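Let the sequences and hints guide you as you build the complete structure.
Protein chains: 2
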Amino acid sequence: MALIVHKYGGTSMGSPERIRNVAKRVAKWVRAGHQLVVVPSAMSGETNRLLGLAKELSPATSTPELLRELDMIASTGEQVSSGLLAIALQAEGVPSVSYAGWQVAIATDSSFTKARIESIDGERVRGDLAAGKVVVITGFQGVDSQGHITTLGRGGSDTSAVAVAAALHADECLIYTDVDGVYTTDPRIVPDARRLTSISFEEMLEMASLGSKVLQIRSVEFAGKYRVRLRVLSSFTPWDIDITEEAKSGTLITFEEDEKMEQAVVSGIAFNRDEAKISLMGVTDKPGIAHLILGPVAEANIDVDVIIQNVSHDGRTDFSFTVHRNDFARTMDLLKTQVVPATGATAVIGDAKICKVSIVGIGMRSHVGVASRMFSVLSQEGINIQMITTSEIKTSVVIDEKYMELAVRALHKAFDLDQPPVAA
Amino acid sequence: MALIVHKYGGTSMGSPERIRNVAKRVAKWVRAGHQLVVVPSAMSGETNRLLGLAKELSPATSTPELLRELDMIASTGEQVSSGLLAIALQAEGVPSVSYAGWQVAIATDSSFTKARIESIDGERVRGDLAAGKVVVITGFQGVDSQGHITTLGRGGSDTSAVAVAAALHADECLIYTDVDGVYTTDPRIVPDARRLTSISFEEMLEMASLGSKVLQIRSVEFAGKYRVRLRVLSSFTPWDIDITEEAKSGTLITFEEDEKMEQAVVSGIAFNRDEAKISLMGVTDKPGIAHLILGPVAEANIDVDVIIQNVSHDGRTDFSFTVHRNDFARTMDLLKTQVVPATGATAVIGDAKICKVSIVGIGMRSHVGVASRMFSVLSQEGINIQMITTSEIKTSVVIDEKYMELAVRALHKAFDLDQPPVAA
Chain A
1 MALIVHKYGG TSMGSPERIR NVAKRVAKWV RAGHQLVVVP SAMSGETNRL
51 LGLAKELSPA TSTPELLREL DMIASTGEQV SSGLLAIALQ AEGVPSVSYA
101 GWQVAIATDS SFTKARIESI DGERVRGDLA AGKVVVITGF QGVDSQGHIT
151 TLGRGGSDTS AVAVAAALHA DECLIYTDVD GVYTTDPRIV PDARRLTSIS
201 FEEMLEMASL GSKVLQIRSV EFAGKYRVRL RVLSSFTPWD IDITEEAKSG
251 TLITFEEDEK MEQAVVSGIA FNRDEAKISL MGVTDKPGIA HLILGPVAEA
301 NIDVDVIIQN VSHDGRTDFS FTVHRNDFAR TMDLLKTQVV PATGATAVIG
351 DAKICKVSIV GIGMRSHVGV ASRMFSVLSQ EGINIQMITT SEIKTSVVID
401 EKYMELAVRA LHKAFDLDQP PVAA
Chain B
425 MALIVHKYGG TSMGSPERIR NVAKRVAKWV RAGHQLVVVP SAMSGETNRL
475 LGLAKELSPA TSTPELLREL DMIASTGEQV SSGLLAIALQ AEGVPSVSYA
525 GWQVAIATDS SFTKARIESI DGERVRGDLA AGKVVVITGF QGVDSQGHIT
575 TLGRGGSDTS AVAVAAALHA DECLIYTDVD GVYTTDPRIV PDARRLTSIS
625 FEEMLEMASL GSKVLQIRSV EFAGKYRVRL RVLSSFTPWD IDITEEAKSG
675 TLITFEEDEK MEQAVVSGIA FNRDEAKISL MGVTDKPGIA HLILGPVAEA
725 NIDVDVIIQN VSHDGRTDFS FTVHRNDFAR TMDLLKTQVV PATGATAVIG
775 DAKICKVSIV GIGMRSHVGV ASRMFSVLSQ EGINIQMITT SEIKTSVVID
825 EKYMELAVRA LHKAFDLDQP PVAA
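Chains as they are written, first to last, in this note's numbering: chain A, 1 to 424; chain B, 425 to 848.
Heads up, none of these hints are tricks.
Keeping only pairs whose Cα atoms sit at most 20 Å apart, straight-line, the calculated PhoX-like set for lysine-lysine is:
#, chain 1, residue 1, chain 2, residue 2
1, A, K114, A, K55
2, B, K479, A, K24
3, A, K28, A, K248
4, A, K402, A, K353
5, A, K55, B, K448
6, B, K452, B, K672
For the record, the hints were derived by calculation from the structure and aren't laboratory data. Model, not experiment: these values are computed from the prediction.
This is the structure in structure tokens:
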């Protein structure tokens, strides 16, 4: 007998018929002898409907008082879907009880609409599980120390599920979603892309932040921090498929290296074409220059991704960074009006037609020459590298966006990602 | 400065536009210097929508576990409307905060879907009021001692509003609804029916239980018990009508006799044509006979209204009572199969074509001859009286249903209810 947490997204909960199928799937796990906690999202479209009503009435300016009320309103979507799922389970003959976040209690800070979970009191849930019940807990929400309802932000139900799994020391947290796992890269770009049977949470973090939209990034951080075995799998398989098969499907996100069965050096190729590159040429190289350039950018609430500063010549250096393409024009203006005068830069050069391509792999820690192999592959394809950054398990390059597909496909093939992995 | 509780029904909260009008009305009261607590119902149609979803998934049998989930689901309707109203108030420049029942805390027993309020902790609300905020509290719901969400049953928001007013010692509780007050009788039957400017809560109880659907009966009991000044008034007046005029509109339900300005002996004529009459003829008159007859009826969950037993002749008596027309056939069967053999009754006679007409008035306490005046009026109209029951402030007769309109009109005129009252 294992304690398992299931999480179902809004599409899976989208209608009474679909909720009934979720109940049948959960009942199958119960009949196989497991204890189950289920964290559902709101029925698809419901959160947007509720926030749409609120928007029609909202004042012009957003205040903490307004955000608090938005959370009161938006949190009801999960309360309804949780109650419905408990009823559907009861109809399947499975004893079940649903709880809102405040009832269990999922304690958060007071950052309305983007709260962070601080603790979960699992006692009540453990009591119900011991009594043979399936416990349904609303995703997406919690309660602050003042008893105000909070929500965790879009996609927060993933984090709720992982946090609940951590608090209960669950054996595994299964995230049922509309994709069947994590792929070596986007199959729309590389038809040979393979589903990974497992990936380390560190790799998953790098993949997620680079654009793989499978899981809310915070849930992966949580899983890593609290060592929760996390599996992403499809909610579109028939509910009555063999449970042994279902339990091995999707992609397992592991926190222990030795648990990882695939020993490929590189696990996946991520890419992002939402960025733009900006370079300040010939800035005076003196202490504090990075802050002098990026301080005003940060103050304008513009996120900076890649940052490069190379060694200087004759007391002057070139300073480059990337921002989201939507912030490109605003950043260029800001630099020209505020930063150039302060830094003595000779020119500001911007380019929105770039992309970032990354290889991600925990094996890079122990294998030398992986980055240079990447550069060599791109060179063979005649692709010029404009910027390079590296971390322990990731190497990213900025290149002309027109080469993106070519680069991703060439790297995918060069690192054998189209081949089934060799068992360790 | 007064502390006022407003309650708005589902129709008044039916759309963002209507919620905005409620906010404007509340803001008008705030600007006149009052402290406001507002208790809204769910947006019209929402509770039915939610329970409809639940019904699609519900198991065949109703259990406490199922009812608990129905309350989880149904309670969200008021949480949404309360949050929306708080936002609309903020947009009007009025600081506001909304609370679900559990947050304030409206403590109830654990009778899911028909819970009763046990206490309200007004401390949090008083703090917010003192800080200049309008406090919006969800109607219809509370929380039991185990932290489960409960609901109070249909129309429960009236009771919530009165209970909140009682807990806060509010100066008045205004129930905004789709009628503009309590009438001397149904204007569809008597076009001359007048709106009462005030009515005692005891009269209101008798009127309500006899079919006036203005207020949930329990809210009136609550108002009487805790001496809450309660006013029923229209939510369809323009929000910007003069506040002095609005404060005097509708019908005030008073708990102090000397507060009642109208000194009419009879305040209203109530009627009910949903009943059927059943008589057991010639039952042996011995101790326990009433229980012998009505025990099996009660066990079958059939509500009995009027009960008449006259003096006996030769050790035998006739025993009559009324039930809801829907229960008529079932009751007749029950009597014939179970009760007649046990009581030695010579016959069972049923009649579903009857109605009950009542005069209600607190003045009946101190005026003699009111009942006999009623009988005289009916006699003059040639209406035969089949049954009579009286209480301290009400006299009811059962008559042939075809005379109902005639009886109501004749009584309405005979007791001068079509005339403006004489000031005390």
